[in-house]
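If you count the first sequence from 1, you need to add 995 to reach the working numbering.
Check each hint, because a few of them may be wrong.
[Claimed, not checked] Have a look at the derived ranges for each label pair, beta carbon to beta carbon:
id	residue 1	residue 2	range
1	C1433	D1232	55 to 63 Å
2	D1335	S1435	52 to 60 Å
3	R1249	R1558	50 to 58 Å
4	R1558	D1008	40 to 48 Å
5	K1523	K1161	26 to 34 Å
6	C1433	D1204	29 to 37 Å
7	C1344	Q1096	53 to 61 Å
[As the list claims (entries may be wrong)] Keeping only pairs whose Cα atoms sit at most 20 Å apart, straight-line, the calculated PhoX-like set for lysine-lysine is:
id	residue 1	residue 2
8	K1317	K1291
9	K1766	K1720
10	K1623	K1381
11	K1161	K1139
12	K1824	K1727
Since the hints were derived computationally from the structure, they do not count as laboratory data. Please read all numbers here as calculations on a predicted model, not as lab measurements. Positions of the beta carbon are idealized from the N, C-alpha and C atoms, including for glycine.
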Amino acid sequence: MIENLSKTYNPKDFEDRLYDFWNKNEYFKAEVNRDKKPYTIMMPPPNVTGNLHMGHALNNTIQDILIRWKRMQGYEALWQPGTDHASISTEAKVVEKIRKQGKNKDDLGREGFIQEAWDWTRKYGGNINNQLEKLGVSCDWSKKRFTLDEGLSDAVEEVFIKLYDKGLIYRGDRIINWCPNCETAISDAEVEHEDTKGHIWYVRYPLKDEDGYITIATTRPETILGDLAIAVHPEDDRYKDLVGKIAILPLVGREIPIIADEYVEMEFGTGAVKITPSHDPNDFEVGERHELGQCKILTDDARINENGGKYNGLDRYEARKKIIEDLEEQDYLVEVKDHDHSIGHCERCKTTVEPIISKQWFVDMKPLAEPALKAYNEGKLNFIPKRFGKIYTHWLENIRDWCISRQLWWGHRLPVYYCEDCDEIMVSKEKPKRCTKCNSTNIHQDPDTLDTWFSSALWPFSTLGWPENTEELNYFFPTDVLITGYDIIFFWVVRMVFSSIEQMGEVPFKDVFLTGLVRDSQGRKMSKSLGNGIDPLDVIDEYGADALRFTLVTGNTPGNDMRFYMERVEANRNFANKLWNATRFVLMNLDEKISMETIDKELLEEEDRWIISRINSVIKEVTENLEKYEIGLAAQKIYEFIWDEYCDWYIEMVKPRLYGDSIESKETAEKVLLYVLENTLKLLHPFMPFITEEIWQHLPGREKPLIISQWSDYNEEDTNREAEKKMAFIMKAIKGIRNARQEMNIALSKKASLMFVTKDETIKDIIDYGKRYFINLASADDIIIQENKEGLGENNLSVVLDRCEVFIPLKDLIDFDKEIERLEREKEKLDSELKRVRGKLSNEGFVNKAPEQVVAKEREKEKKYENMMKKVLERLKGLKSN
RNA sequence: GGGCGAUUGGUUCAGGGGUUAGAGCGCCACGUUGACAUCGUGGAGAUCGUUGGUUCAAAUCCAAUAUCGCCCACCA
């Protein structure tokens, strides 16, 4: 016995300790090493003020699996961690904090506020990293980056300036999405649309200079205050005569023209549309075409402004209510109908956004989208699963310009300066001393900051030192795979792709692995408001990180949502316990002075050859699965191998040798037990890093920790089909005997002799060899092999196998009615199988067209079932005649 | 209005042209054999949503359809 392991698996005893051990020994570290091939993954930077949730746990587990696997394969594996400053979210939290102190942003001033935000960041910014450590992530913490770091900020400015100089960043008055709660512009991607039951109001506008009205329909009556025209379709006969005339805006009294524009849908509403250029993107365009000018009626906090006359100061919804009342009172309201329409909400605070005209900074997307599309179409970018490629292309094909300026303080301030005398715009990293146009020194910087995603878009290269031409950048970029949730394809994936192509001239990663959402056991999204979130840290605390990791990667497929069940975590904890105890068994039986020399192949027994062949196949399959990102399948195979083949069969088969007299045989068994365990641990390590490392370090003769051990390769020589076949027969026989005995309720402790009847020489040999197993695993005390039933008494239990029949003389214990029932069931099964096989074989098409191998296989089956059937029928006949 | 996904034993999910369609949990029966009751042995339980089609062969491919879910979209 080498060393004691506790009787049950207790992850708390070693998880933190091992993480420290790995970290301190710098096994996570990756450095430029021209002798090795690089393998790079950029960790999606979590929000600096965030906490670990199941989504993080899922995608970081997958990343860790890939990184650990590649590291073991000998790659220089860099997993780049870091955090995102999350401007809007962090700013909101800091605002909330100072609000509790009775202060607002203006009380602190810009500098004071930013100071406050840094304090907050420093205080909470480490949390998520510590939480990630609990999960076992093997990222290179020495390279940790923050999007507001100096280098990364420099990259942001560099990109901004380059794009501006190319004319791809511009400033303009456009309709943007305004969040009245966050009081900033947000991009289209940050708006969530939700279908809402609402109303549509039909309002008549009197005509000037003549009797009559023109009736329009609107879902936002308060915007009447900003109307500058009424539009009809040029070919709409109903309104042809009215085009060019003037209508009077109800409640306001403003004279507005009736214009014709193709944008109007004749079938919708009344066919006449009010045009509010400052508060609707379509109306804005119509306004441009007809030079209607602008009339903005909302303040930043969504109240009616001074252009709203008597409604000035009212909140947008109060104003709507009041305006409807007034319209009704003054007889302008024709009717109200129920109407469902989609309303945009701020992705962060869920406030209804307002389309508002505003002077903002934009990225001209078309020229950037095209190469990003091309890269995909040329196969330079793969999505896992593939279907997300369609979503990617669809979005890029319909791309609109990206509003990048935010009216926030926490973030990268625009490197834009204005001359107060001549309004010249200057874009540069440093503040210009004088205006480049009029030489004035009255210069101020734009107060806005950039969309957070502008900096995260640069993450794959800014973290590696760009715009400096660093060695790291040359070596580790482009990265190999990005692992993230499908919900941020638009926010992040797409933007990294076009930014990389634009700045680096190539895609930032070859593969994009998209995870689904982790939902609760009822399929609901985990959310704070529902209170149904499961904290990964609680799960780790109760069951260990390995069990959590295994749960997250099994039983689901990329891009599909999964339900999270504690029962599954428990099952995987039990799996860890199983492995733990199998190891205890191996160690308990190990001779202290066992030599670790290679196994002498001459001494191998059949079960040894079988398990060695099997682990070899599993190595091959798991490696192939991982190469195809089939992580769940890989995990499943390892699980089954350990539990079913190694524990349930091999260990049981080998026990007599361990307790037996032959030192040679015992030692060989020990060596094989160790050899297979060792390879199993390697395969499992990426999935369950803690338990595997802990066990590994308890095994004798370890030179290196598991984390940096060499991944095993498939070895053709180890494959042994002959041994696999033999063992398959033996296992089938054991199962058959156990089955028959249990059906008769015969206790395991009740030993019986077995008589194998067969004329097949090969089978005879196999059974002869298998004697040793039947004793222990099939409750046998004696085994006889013969070609006929000579000497066999009456009334035996019988098990029909392929080319062989087993008789168990347990006369007193057998209920023959039950035995007949059992055989009848056996007969039925064989019958239906025979029918199926014969059906196939009598089909000419099948025999002629199916591959030879497939036909041969069916023929074999037919023969086998026929033989078995014959024996079952004989048995039944014998039993019934008694 | 477009696009996508899911539909497989009680349940949660794998699988993905030829398998006797698998697993975890749950269920039933038996079991304290010197790793493990966080366990062992055996068992019951699914014509893979429906309808067509392609094929020698379909749970798997194609087309419709139903139900549920998601994403995108400027009809006021």
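Evaluated hints:
no. : hint                      : in the structure
1   : C1433 x D1232: 55 to 63 Å : 57 Å, holds
2   : D1335 x S1435: 52 to 60 Å : 55 Å, holds
3   : R1249 x R1558: 50 to 58 Å : 57 Å, holds
4   : R1558 x D1008: 40 to 48 Å : 31 Å, violated
5   : K1523 x K1161: 26 to 34 Å : 42 Å, violated
6   : C1433 x D1204: 29 to 37 Å : 50 Å, violated
7   : C1344 x Q1096: 53 to 61 Å : 21 Å, violated
8   : K1317 x K1291             : 19 Å, holds
9   : K1766 x K1720             : 16 Å, holds
10  : K1623 x K1381             : 12 Å, holds
11  : K1161 x K1139             : 32 Å, violated
12  : K1824 x K1727             : 16 Å, holds
The earlier numbered hints that this structure contradicts are 4, 5, 6, 7 and 11.
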